[in-house]
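Undergrad: Produce the entire structure from the sequences given, and follow the hints as far as they go.
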Amino acid sequence: MLARRQFLQGLAVATGALPLSATSAFSSNTANPSPNSGKALTPQILEDALVGSSYLGCGGGGSLSEARELIAADLASGLQFKSIDVDTLKDTDRVACPYALASLAPISGEMETRLNTIPNKIEMPVLNAFRLLEQHIGQTFAGVILGEIGPLSMAEGLSIAARLGVPALDADTVGRATPEINQHSVRVAGYPLTPAAGVTMFGDEIILQSLQDPSREEDIFRTLSVISRLVGVADAPITGAQAKEKGTLVTGSFSLATAIGKAARTAKSKGQNPIEAARIAGGGYKLFSGYVKDFTWEDKDGFLVGTLTLSGTDTFNGQTMLLDYKNEHLVAQLNGKVIATCPDLITVVDEATAEGVNNPDFKKDQAVTVLGFKCDPLWRTAEGLSVFAPRYFGYDVDYIPIEERLT
1 MLARRQFLQG LAVATGALPL SATSAFSSNT ANPSPNSGKA LTPQILEDAL VGSSYLGCGG
61 GGSLSEAREL IAADLASGLQ FKSIDVDTLK DTDRVACPYA LASLAPISGE METRLNTIPN
121 KIEMPVLNAF RLLEQHIGQT FAGVILGEIG PLSMAEGLSI AARLGVPALD ADTVGRATPE
181 INQHSVRVAG YPLTPAAGVT MFGDEIILQS LQDPSREEDI FRTLSVISRL VGVADAPITG
241 AQAKEKGTLV TGSFSLATAI GKAARTAKSK GQNPIEAARI AGGGYKLFSG YVKDFTWEDK
301 DGFLVGTLTL SGTDTFNGQT MLLDYKNEHL VAQLNGKVIA TCPDLITVVD EATAEGVNNP
361 DFKKDQAVTV LGFKCDPLWR TAEGLSVFAP RYFGYDVDYI PIEERLT
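The sequence shown finishes on residue 407 if you use the numbering used here, and the numbering steps up by one all the way, no holes.
Just so you know, these hints were derived from the structure itself, not from any lab. Incorrect hints may have been included.
In silico DSS-like links for lysine-lysine, alpha-carbon gap of 30 Å or less [unchecked claim]:
| # | residue 1 | residue 2 |
| --- | --- | --- |
| 1 | 300 | 39 |
| 2 | 363 | 300 |
| 3 | 374 | 246 |
| 4 | 374 | 363 |
| 5 | 374 | 286 |
Listed next, with one range per pair, are the computed distances between beta-carbon atoms [what the hints assert, rightly or not]:
| # | residue 1 | residue 2 | range |
| --- | --- | --- | --- |
| 6 | 220 | 363 | 35 to 43 Å |
| 7 | 40 | 296 | 43 to 51 Å |
| 8 | 113 | 165 | 52 to 60 Å |
Every residue, glycine too, gets a C-beta built ideally from N, C-alpha and C.
TA: This is the structure we're talking about:
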């Protein structure tokens with residue numbers, strides 16, 4: 001797995017050896033969080049949400065199969081999953097976003113030797129970071145903000161909430177998966193992501209009190225991950241009142257993923273087209289259908305960067321689509337003409353499974369459909385486009401809403 005916003009330490013996820021007694025031990029008399037109520041998430045709801053998130057993940061957000069394994073292991077361990085609507089938070093509540101930054105950047109032999117001699121004291125740095133931020137602020141958090149909507153990212157956020165004994169919000173900070181921390185709704189809304197807490201696998205604890213420039217958080221914590229392999233982070237400790245303000249979070253994103261997954265499942269059971277049903281449920285657009293002709297990818301500065309070339313079939317016979325991605329798909333060209341760009345969603349769906357394809361898990365001659373969805377309105381503001389337009393990622397293309405490009 002190349003650089004992405006992870007939420008659990010990779011080895012622990014793979015083995016299922018995660019502690020179940022991770023509920024925050026900190027409590028404060030300064031403010032009482034909302035009761036741990038909310039909607040119980042059944043195994044079927046969770047499965048639908050995971051499938052739906054593969055459509056909204058835009059090729060990123062981690063593996064769907066790994067996400068299923070994680071949720072299955074959590075359910076078998078007796079963990080209970082709940083979600084709450086943002087508008088049920090009390091104004092005085094606080095919520096925060098936990099995640100991890102893992103580095104695959106090469107390190108020197110000397111540093112490797114030094115790291116190997118330090119015992120791994122922390123099984124779950126992300127949970128420790130969440131607790132550390134609670135202690136620093138002096139208030140127990142009422143819920144977990146999902147970092148992004150992508151299969152493993154979302155599953156990990158849900159798993160963390162279950163281990164902490166708090167509900168996950170039916171909201172996230174993007175409404176899709178995205179390459180960088182800078183594409184963060186709380187930041188776009190004008191609220192600081194600090195104070196933020198970081199905990200390494202070796203027990204180092206760091207409080208990032210403030211930043212001169214919000215983009216520095218990505219630089220600081222990713223640099224820390226390079227010398228520590230992984231750092232657990234908790235940031236954006238916003239109040240309930242701030243969370244409920246329009247544009248602070250992408251609300252209803254978990255419900256949207258669930259609706260898309262349910263639509264695909266229901267259509268499949270009736271012998272109907274599940275991809276078309278998912279498209280309709282998400283209010284999306286069909287951009288292309290064809291097969292994988294060629295693809296490239298490389299690890300560039302810790303990001304998965306590449307292209308995907310598709311040859312058309314059916315109504316797209318004789319046509320070609322080129323997709324550019326940096327972890328997630330960012331630009332789609334049909335016969336050399338740009339027809340969709342970030343921050344709108346571009347996703348490649350496997351026609352055999354009706355599930356989103358994770359980059360770069362393509363296969364030559366794989367039959368696929370390409371869908372597009374509108375991004376959340378907050379990304380179409382000047383503030384949102386400043387960190388999520390094509391030009392932000394180096395493309396010489398202006399952002400035009402997908403519905404306008406297609407007309």
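Undergrad: Which of the listed hints are not met by the structure?
TA: As far as the earlier hints go, 1 and 8 are violated by this structure, in ascending order.
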